[in-house]
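*Asks:* Below are the chains, spelled out letter by letter.
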Amino acid sequence: MKETLLLTKHMRENPEDSHLIDSYEKNGGYETARRTLINGSPENVLEEIKASNIRGRGGAGFPTGVKWGFLAENEDRYLVINADESEPGTFKDRILLERDPHQLIEGIIITCFAANIKNAFIYIRGEYAKPARRVQDAVEQAYQKGYLGKNIFNSEMNLDLVVHLGAGAYICGEETALLNSLEGRRGEPRLKPPYFPAVKGLYMKPTLVNNVETISSVPWIVENTGKEYNKLGVEGSTGTRIFSLSGHVNNPGNYEIEMGSSFGEFVESLGNGIRNNKKVKAYIPGGASAPWFRGDQLDIKMTIDDVANNNSMLGSGAVVMMDEDTNLVNAAKSIVSFFAHESCGQCTPCREGTTWLEMILDRVASGRGRASDIDLLLDVCDNISPGLSWPPKMTTICPLGPSAVSPITSLMNDFREEVESLIPTKVLL
Amino acid sequence: MSWNDSMIKQAKKIIKMYPQKRSAIGPLLHLAQSKDGYISDDSIAVISELVGITEVQVKSVSTFYSMYKQEPTGKYLLSVCKSISCEINNSKEIIDVVKDFTGLNNNETDENDLFTFEAVECIGACGGAPAMQINYETVEGLSSENTIKLCEWLKEEQPDVIIAEEMQDNFGGTKSFDWAIKDQSGTTGSVPGFQTFNTTKEKK
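Protein sequence lines correspond, in order, to chains A and B. Quick note on our numbering: the first sequence kicks off at 1 and runs consecutively. Quick note on our numbering: the second sequence kicks off at 1001 and runs consecutively.
Since the hints were derived computationally from the structure, they do not count as laboratory data. Among the clues, some could well be false.
Claimed, not checked - No farther apart than 30 angstroms at their CA atoms in a straight line, the calculated lysine-lysine pairs in the DSS-like style are these: (1) 1012/B with 1075/B; (2) 1182/B with 1201/B; (3) 1155/B with 145/A; (4) 1075/B with 150/A; (5) 145/A with 1075/B.
Could you build all of it, start to finish, from the sequences and the hints given here?
*Replies:* If you want it as C-alpha cells, here you go:
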C-alpha cells in the first residue's frame, strides 16, 4: 500500500522550506489562483468542485460543492476556515497549517473568487500557537506580494484574511459555535434551523465554513480538474485523505492515501503493524466521537460509506489502535471525561448526562461499581440519545452529547464482560 | 483605564482587524493574559470599554474558555495531555511525574509563581503520545525520565522564550510527524506565542 501525495507533496519534497512563499511559488504555487482570477469564472470553479465530489474533511463529510451552492446571495458574505482541530486522535490539519500554509491561502483565494467573498477568517485553536504563527507569517508574505488585499494579481478582486486564535474549547469546532466564538461570544452552538451558516452565519450574513484540509484541496482540484480528482479513491469517497494514525502502532503519523483500502491493510503497511506484535483489541475509526470497531473487524474499508454502514463514522480521519492489553474501561472513561469537560452546558441531557457518565464510569473503573451501574450507564445514554441507534438520535442542539455515548455503547455491545469483571459481586462494607 | 499606552494601541489595532468590534474580545483577552498571566477584573473593565459591551458580558466570555485563566499562573504553564491517544500511552505516568516534581495538583500554582500544572484535553499531538505543552509549545514522545529533565531544565535555566523545537530536540521522542523546519521562535509568556498579541520572539 502506497501513499498518494496531493496535499502533502510540496512539504515532502521541500521539507525545510515548504512553509515559505518562495519555495511554494518555485513549485508552481499561486499559479492556479492567478490563472483563475485572471481568466477563470466563479461558475467554472464551482463546477470543478462539484465534479470532484469532494466531501468535507472536518467530520460530517458533507459534499463541498453542494455546501457552496447553498450560500445565499448577499453583499456581505464570509468564508471561515475551521482550523479548530480538537477531535482526540486528530492532527492532520496541524501538518497542513505548519508545513504548507500557502496551499491553504491559495485555496482560500480561489474559494473566495468562486463565492464572491471579500472577507475570510482562519479560526485556529489557541493551543496551536506554532501552526498559527506559521500561517500568520504566510498571510503577511501573501499580502506583501499582492496576493491578498486589494486588486489581487492585478484583477478586480479584493480579499482580506484574518488569522483568529481560539482559546481552548473543543465545541468551537462545531461550525455555529465557531461563528459565535468568532463574534466574541461564548462558543455555544446555534439552533439549525434557522441559523444555517450558509444563510445566517457570521454576523447573521451568509457564511461558508470549511475545514483546512477541504480548502487545501481546492488548488489541486481546480488545477487538475474535478474529473481527475473524482478518479482517485472510490465512489462516495473520492480523492485522497490525510489519516492521523495513533495508539499502539509502530509508526504513528499522518498518511495521505486514496480511500478504499481496509483499516487492517493501512495499519499493517503504513503503520508497520501493532507494537510488540500484539493483537488489536479495538480501534476507533474516525476520532473520539466515533463508535469503536473490534479487532476482528479490521477488514472494513476506509470509506465514508463503508464505515457508516458498519454503524460508525470516518469522521475526521483519526484512527486510534488499542492493543490486546488495553484497559478499555479506562479508555472509554478518558473519552467520556473529554466530552464532559467540553460540553458547553446549553442542553441539559449533555451537560448533566456526560457528567454522570463520567462519575459512574470512574467508580466502575476503580472497582467501586455497583451491580446496577451497567443499566444505569445505558439509561443515561438513552436520555442523551434515545434508542442508542446509529446515526444517533438527538435531544441536544449539537452532536457533542451523543458523541459521549459512542464509547459506552461500544463497551456494552462488544466488551461487556470486561466491564462486568470490574464490578464487585459482593457488597463492599 | 489601567492598560498602558502601547497595550491600548495594540488593542485598537486588533479591533480594527474585524468587521465588528465584538469579535476582538477573544484576542483582547489573550492580550490581557499576556500582561498579567490571568484575566484580571481590571482587564475586563478595559475590554468592556474598548469594545462597548458590558463587563459581565466580557466576563461571561472569559469564563467559557479554558485558556483564559481566572487566577494568576506561574511563569511556565505545564499542560499534560490526558485524552485517548495519550491515555493509552501512559499519560498518567507523565502526569504523576510532573505532579511529584512540582508538588502541585491540577490547576495549582507554586508559591514562587514558577509552575502552574494542568492535565488537559487533546492538544493534537496524538501521533507523538504522550505529549505536553509548556506555555502552549508542544513536546512529543515523552518518557518519565525526560519529563523530569525537562522540568529540571525549566527550573534551573528559566528561559524567557519557550521554543518547541529546542524542547523537542533535548527532551522529546516520537513525533506526530516530521517537524522538518528548524524554527527558532517561541512564546514569551504563559500564553500562546502569536504575532497579534506581541507574545512571540526569536531566540537570540
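*Asks:* Could you check the structure against the hints above and give me the numbers of any it violates, in ascending order?
*Replies:* Result: hints 3, 4, 5 break, sorted rising.
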